[in-house]
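Line by line, the protein sequences are chains D and W. Take the position in the first sequence, starting the count at 1, then add 378; the result is the number in the working numbering. Take the position in the second sequence, starting the count at 1, then add 62; the result is the number in the working numbering.
Hints are computed from structural coordinates only; laboratory data are not their basis. Warning: the hint list may mix true and false statements.
[Stated by the list, open to error] Here are the computed lysine-lysine pairs in the DSBU-like style, where the Cα-Cα straight-line distance is at most 35 Å:
#	chain 1	residue 1	chain 2	residue 2
1	D	K565	D	K553
2	D	K553	W	K97
3	D	K553	D	K518
4	W	K136	D	K518
5	W	K97	W	K136
6	D	K518	D	K565
[Said to hold, decoys possible] If you want the ones that stay clear, here's a sample from chain W, every Cβ over 10 Å from chain D, calculated:
#	residue
7	A89
8	Q107
9	Q137
10	V147
11	H151
12	T155
13	I157
Yeah, the Cβ is synthetic: ideal placement off N, Cα and C, and Gly gets one too.
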Amino acid sequence: MSTQPLERRLRRRSIHRSRSTAVAVTLAVVAVIAAWIGTEAVLQAIGQAPLLADPQTVVDTALQPDAAFTSIVEVIAGALVVLGIILVVLALTPGRQHRSGIDHDRGAVIIDTRILASTAANAAATAAGVPESNTSASAKGHRTQVHVVPLSGIPVDTHTVEQAVRDRLGRLGGKHGTAVTVHVEQKGTLT
Amino acid sequence: MNPGPVVPGRVEITARALTTLARAVAAERLGVPAKRLRVGLDDAQGSLAVEVTGPIREQSDIVAAATAASEGIKQRVGELSGRRVGRTHIELTGIVRAHEGRVR
Chain D
379 MSTQPLERRL
389 RRRSIHRSRS
399 TAVAVTLAVV
409 AVIAAWIGTE
419 AVLQAIGQAP
429 LLADPQTVVD
439 TALQPDAAFT
449 SIVEVIAGAL
459 VVLGIILVVL
469 ALTPGRQHRS
479 GIDHDRGAVI
489 IDTRILASTA
499 ANAAATAAGV
509 PESNTSASAK
519 GHRTQVHVVP
529 LSGIPVDTHT
539 VEQAVRDRLG
549 RLGGKHGTAV
559 TVHVEQKGTL
569 T
Chain W
63 MNPGPVVPGR
73 VEITARALTT
83 LARAVAAERL
93 GVPAKRLRVG
103 LDDAQGSLAV
113 EVTGPIREQS
123 DIVAAATAAS
133 EGIKQRVGEL
143 SGRRVGRTHI
153 ELTGIVRAHE
163 GRVR
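Next up, chain W with everything else stripped away, as it sits in the complex (with noise of 0.2 Å):
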């Protein structure tokens, strides 16, 4: 998007494309399915700011998985849309347990 080589029009990314975006990342991240998070993006200070609120897999240590989660989320989104993100803020709700059998 900078102006390196010099390839008339520009790349949009809408909003709404970028929420997906880190929807999916947090639930790969997070190991949990992406319907059942919810994403907010923000603007902070010029950079982008991730916020997640859902569940995380059960595992031993919940808060270090995710702040590595939170981590991960900030690597990932800003490599694959290429704009920076300055922060990620996780809200957890509850567990997902890894072999949740729904039988219906």
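Just chain D, same shape as in the assembly (with noise of 0.2 Å):
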């Protein structure tokens, strides 16, 4: 299947957020940056006046601050260390979006979690035996985690429910229903 590594990457595509802005920002960025210290490198060797500043005179002015230029540096240091921390978590949080991929035999599908939430209040609902206005479900990531509220008189055994919700979500395929936690209230209401 010469499609396989495609369709592998449309659905990282759509349920991680793309860092191809953020790389290309950073890049072009140090791109001009080396191309300036490039430019006043060649213009010292062959001994012309420089473009904006001899890289020299600047390193020499930075290690003998006066007043005014310390806070001018503190303030781009500042702007600097946010960028950064930005940067870094840009690039270590995983960008997930509220999408989830689905096995399925053709193409990549991909889902909203909400449906995925759905899905497992529904399930949880009908193993419950309660109406399905009174599970509630939230997913995210691979997570599900299903909320109860019980019918008076009628106990919930939080094993079964969690049974079939884990059921139900891996019949989607990949790692759903893997990680579900179900929750029972312990007071009920009568209908």
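Now that you have both chains on their own, put them together as the hints suggest.
Structural data, given as structure tokens:
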């Protein structure tokens, strides 16, 4: 299957946020600075006047700061720290969006996380024998949390509900239904 | 109601129906007309809680009879509705004579 890698990429692209914007901006800035340093070096070598400032002078001024210069440098350093933190966060977080991939024999199929949650809620309601309005679920990544409000007088078995939700989500394939937590409310409702 | 034999759909009993059922059972066990009883349902730790307010039929040991009625109501409501009844609370407000002939 030659389309397999493509499908995998499509799926990944649909689920995770792209980092290419951040990478492109950072690289452009780095390229501009490198080009400037290169130009100044060449100008220095052939004995021409510097374009903006001689790098040697810049370094010398930075090493012997006066009061006004120090405050400017502090501001610049603060901005750079913030930028750096933003870049590190962008790089390390998975950047997952509210979608999930499911197994399908043809094409890459992506569903919204809310669909996963309501599927889990539906399975839980059927297993617990309560109306669907008595269950709620939230899904994040591969983790699904189900909340059941029982009918008074009809005990709800947490284990059965959990198993049912696992089964139903497991049919979607992938890692769905591997991390399910069920919480049954102590107090029930009459209907 | 449990997921035993798989039949699509589900059976729902409304709160009103449950209340009416509990009142009929209470009337039968206390030996008084149902319209003189007030019945409230609530939830007690996931089980049904039945509260009955009304009179009881005249007899020798009223307290024992009320206790027996409470137990009976708990069992019978549980049987008929398929719900687990956690507790029954009976508040007696009076006595009904067996041959209270109302001529009107």
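Which numbered conditions among the earlier hints are violated in the structure presented, ordered from lowest to highest? As far as the earlier hints go, 2, 4, 8 and 10 are violated by this structure, in ascending order.
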